[in-house]
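Trainee: Each residue of the sequence shown is one higher than the one before, counting from 1 in UniProt numbering.
Bear in mind the hints are in silico, worked out from the structure with no lab data behind them. A couple of the hints might just be wrong.
[What the hints assert, rightly or not] Here are the computed lysine to any residue pairs in the SDA-like style, where the Cα-Cα straight-line distance is at most 20 Å:
#1 234 / 40
#2 182 / 236
#3 182 / 153
All values reported here derive from a predicted model rather than from experimental measurement.
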Amino acid sequence: MTEKPTGGVQSVERALTLLELMAATEDGARLSDLARSAGLAASTAHRLLTTLEQRGFAQSDAASGRWHIGQRSFAVGSAYTRQRNFVVPALPFLRRLRDMTRETANLGVIENGEVVTLSQVESREIMRAISPPGGRVPVLCSGMGKAILATWEDAAIDRLIDRHGLRAMTPRSLTDRAAVHKEIGLVRARGYALDDEEFVLGLRCVAAVVWSPQAEAACAISVSGLAARMTPEKVAETGTIVMRLAAELTATLGGRPPE
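Hey, can you work out the whole structure from these sequences and the hints?
Mentor: Right under this line is the structure:
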């Protein structure tokens with residue numbers, strides 16, 4: 001077949017396609033089958049597979065002529081699971097949070113300057129706060145984001161701001177570096193973070209950090225609800241509950257706060 005000249009991005013896409021095809025076959029796949037399925041010339045497929053093999057992401061069986069996923073692919077892929085091994089154990093705690101507060105409970109992590117919701121247990125209230133799993137929020141517009149950032153050094157927070165900026169989602173969002181550090185200081189002092197209508201007007205969120213066995217922030221859990229229900233009194237009460245359950249989840253995961 002005749003191929004168009006390829007750039008670096010296209011080459012990466014083709015290599016990833018070959019990895020996906022190999023991963024879908026338990027007994028490996030022949031070069032000709034991989035090339036046909038990927039829409040590539042056999043010579044191109046072989047060149048990409050050889051490069052992947054040199055890096056440990058693929059391996060060939062000379063006896064059968066089949067290609068298989070390499071050990072390095074497994075190591076890289078399993079890293080995601082290792083980093084997210086708190087999602088399933090957290091579910092009972094999220095349910096308890098929901099039942100104790102009657103509001104939506106969430107679990108999230110920071111990725112690329114945003115908080116990603118990984119798990120959620122919805123409130124049973126008719127009017128409830130919902131940011132579905134997979135949803136992204138600017139890190140400093142999020143209670144969970146602030147809770148995690150409070151475990152970072154100030155210089156690391158400044159680097160995050162330099163890289164991602166301060167996005168204002170509502171008039172209450174933090175848009176000043178000094179205000180950010182003041183807010184983070186409050187989080188560190190009281191033990192829980194607050195999104196005070198900074199992502200969505202009319203919505204408040206209270207969050208606390210969950211620690212890993214390495215004494216680093218593994219994730220954060222939070223309770224979010226309508227501001228009309230999340231009064232200052234309820235925010236303080238919810239903060240105590242969230243901190244307690246975050247500490248219990250930390251213990252369940254074998255985590256520990258830094259000394």
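Trainee: Now tell me if each hint is right for this structure.
Mentor: Comparing the hints with the structure gives:
no.	hint	verdict
1	234 / 40	61 Å, violated
2	182 / 236	19 Å, holds
3	182 / 153	14 Å, holds
In this structure, only the earlier hint numbered 1 is contradicted, and the remaining ones agree with it.
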